[in-house]
Every structure is written in structure tokens, then in C-alpha cells.
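Participant: Sequence:
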Amino acid sequence: MSNIIYIGYYFKVAPLQPAVEILIAELGYAGFESFVENEDGATAYIQKEEWNANILDDVQILKSDEFEITYEFNEIEQTNWNEEWEKNFNPIIVDDACSVRAPFHEKPDTTYDIIIEPKMSFGTGHHETTHMMIQHILKTDLKDKSVLDMGCGTGVLAILAEMKGAKPLDAVDYDNWCYLNSLENVERNNAEHITVIEGDASALKGKSYDVIIANINRNILLQDMATYAACLNKNGMLFLSGFYAEDIPLITAECEKHLLKFEEKLERNNWVSLKFLN
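My numbering applies: residue 8 is where the sequence shown begins, and numbers increase by one.
Do not take every clue at face value.
Unchecked claim - EDC-like, lysine to aspartate or glutamate: derived pairs with alpha carbons at most 16 Å apart:
| id | residue 1 | residue 2 |
| --- | --- | --- |
| 1 | Lys171 | Glu199 |
| 2 | Lys114 | Asp103 |
| 3 | Lys114 | Glu124 |
As the list claims (entries may be wrong) - Computed Cβ-Cβ distance ranges for the label pairs, DEER-style:
| id | residue 1 | residue 2 | range |
| --- | --- | --- | --- |
| 4 | Lys174 | Asn81 | 37 to 45 Å |
| 5 | Asn276 | Glu194 | 30 to 38 Å |
| 6 | Gly213 | Ser71 | 49 to 57 Å |
| 7 | Pro22 | Glu194 | 37 to 45 Å |
| 8 | Pro110 | Lys70 | 27 to 35 Å |
| 9 | Asn240 | Lys146 | 18 to 26 Å |
| 10 | Lys150 | Gln67 | 40 to 48 Å |
| 11 | His200 | Glu270 | 21 to 29 Å |
If you're looking for bench data, these hints aren't it; they were derived computationally from the structure. Here a beta-carbon is modelled for each residue, glycine too, at the ideal position from N, C-alpha and C.
Work the whole structure out from these sequences, hints included.
Facilitator: This is the structure in C-alpha cells:
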């Protein structure tokens with residue numbers, strides 16, 4: 008996993024909205040993993056092994072007469088990723104309470120201040136799904152609750168959960184770069200109760216949690232829902248994201264099959280985050 012190469016697509020879009028939102032949604036369905044919006048349009052990233060020459064064939068907005076969209080793409084080695092993020096990564100603030108920023112940004116006046124260097128891992132807070140997960144965590148009493156951050160990316164959600172009093176915590180990602188980046192960010196934020204694990208749902212055997220946070224994608228969530236349900240303590244909370252509004256019936260049906268009860272929905276630019284109770 009350490010030699011992963013990404014393909015970066017650089018889209019120029021006019022007019023910007025709603026074209027950029029539609030473009031990002033369609034690219035998500037095509038398999039792109041991460042996006043950065045900018046003043047000209049957006050940049051999208053996909054693992055080279057997931058890429059093919061026809062990857063954009065089903066992205067319908069590229070064929071629309073309503074917008075002018077051009078693009079170019081190239082391979083991005085991991086060693087170039089810091090430079091890419093320094094050019095594109097701006098600090099964010101969620102609900103005036105939680106900031107996510109790089110070390111080179113000024114410290115804002117927020118209750119929770121998370122410092123990360125995202126490198127080639129995802130979950131910076133900029134993407135809608137991470138933003139909504141942060142909102143869920145901010146609203147939840149996590150004091151002394153055991154927490155799983157599944158598909159942890161940069162580790163930002165686990166770090167925030169610890170800041171809110173959770174312990175112990177596991178942060179799990181199958182991607183070696185995300186694993187290493189999460190280790191760095193956990194140390195950078197002086198988190199003392201987070202164990203970072205490189206692996207997938209098979210790493211959860213024999214474990215149990217009061218709260219499970221899973222921000223991945225629809226297919227992985229559906230595939231691993233039985234594992235999440237088995238690991239969730241009685242009266243536990245499950246927060247899910249990484250999918251679109253039209254995926255809600257599929258996700259809900261799978262949760263109900265495992266006796267998980269729907270509690271709350273957040274929606275942001277057609278991306279959705281759902282809360283279930285055990």
C-alpha cells in the first residue's frame with residue numbers, strides 16, 4: 008500500500024455553481040476519492056489502480072451545454088502531496104466550534120482546534136461527509152465512551168472524539184498512507200487514548216464500542232454493516248456517511264436488518280450522514 012499512486016484531475020468550470028456540486032457528486036459515483044474546490048472549479052483524485060481511460064464516460068455534466076468544463080490530469084506521487092495541500096488546503100470551521108487546520112495556519116478562536124497535515128489521506132473536514140460527521144460528534148456526549156473511527160483517513164474524527172472526552176478509541180484504515188498519517192496527527196494533537204490500526208473490518212473481531220463512526224462509501228458500509236452491528240454495545244450509536252441522499256433506502260434497510268433504529272439525518276449538497284441507535 009505504501010507505493011500508491013494517485014491520478015489528479017483539474018477541472019475548470021463556468022459558471023461554477025451548481026456545476027461544481029453536480030460534477031463532484033458524479034465523480035464520486037465514478038470512483039474518485041477526494042475533492043478540492045477552488046476559484047476556477049475543482050480538483051479530484053483517484054487511485055491509479057482504480058482508474059481507467061474511460062473513467063469520465065458516465066459523467067453526464069461533461070456533456071451538458073449549460074456549462075463549460077475543461078480538464079487535464081496527471082499522476083501524483085505521494086512525495087508531492089504536501090506541496091499540493093499547501094497550495095489548496097484552507098482552514099475550516101464547523102458550527103463555530105471546531106476548526107481543522109494545517110500547522111502553517113493561524114490558530115482560530117474555537118473550542119476544539121485540530122491540527123493536521125493531510126498528505127495523501129482524506130478526511131480533512133472540507134468534504135461534506137467529514138463536515139457532517141464533525142457536526143454529529145459536536146452534538147454528542149462522548150465522555151468516557153469507547154469509540155471506533157472506521158475509515159479514519161487523517162484521524163480527525165477520532166481526535167475530535169477524544170477532545171470531547173471519549174476513551175478508549177480505535178482509528179482504523181486499510182490504506183497504509185492513511186494509517187501513517189493518522190499516527191502523525193494523533194501525536195501532533197497530543198491524543199493519548201487513540202489506537203491507530205491498519206486494516207479493514209476483519210480487524211474488529213472481538214471488539215466492542217459505545218459509538219461507531221464510519222465515513223467510507225455506500226458499498227463498504229453495506230458490506231460491513233453486520234460487523235458494525237455486532238461490535239456496537241447496547242444503546243450504542245452508529246454514525247454513517249460517505250453516500251448520497253438517493254442511497255438512504257439501501258443503507259436504512261441494511262441497518263434495520265440488524266435491528267439498528269434510525270435516529271437522525273444530516274444532508275449537505277446531496278451528501279448524507281445518518282445516525283442509528285442499537
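Participant: It remains to establish, for every hint, whether it holds in the given structure.
Facilitator: Consistency of the hints with the structure:
{"no.": "1", "hint": "Lys171 to Glu199", "result": "13 Å, holds"}
{"no.": "2", "hint": "Lys114 to Asp103", "result": "13 Å, holds"}
{"no.": "3", "hint": "Lys114 to Glu124", "result": "15 Å, holds"}
{"no.": "4", "hint": "Lys174 to Asn81: 37 to 45 Å", "result": "43 Å, holds"}
{"no.": "5", "hint": "Asn276 to Glu194: 30 to 38 Å", "result": "33 Å, holds"}
{"no.": "6", "hint": "Gly213 to Ser71: 49 to 57 Å", "result": "51 Å, holds"}
{"no.": "7", "hint": "Pro22 to Glu194: 37 to 45 Å", "result": "43 Å, holds"}
{"no.": "8", "hint": "Pro110 to Lys70: 27 to 35 Å", "result": "42 Å, violated"}
{"no.": "9", "hint": "Asn240 to Lys146: 18 to 26 Å", "result": "20 Å, holds"}
{"no.": "10", "hint": "Lys150 to Gln67: 40 to 48 Å", "result": "47 Å, holds"}
{"no.": "11", "hint": "His200 to Glu270: 21 to 29 Å", "result": "26 Å, holds"}
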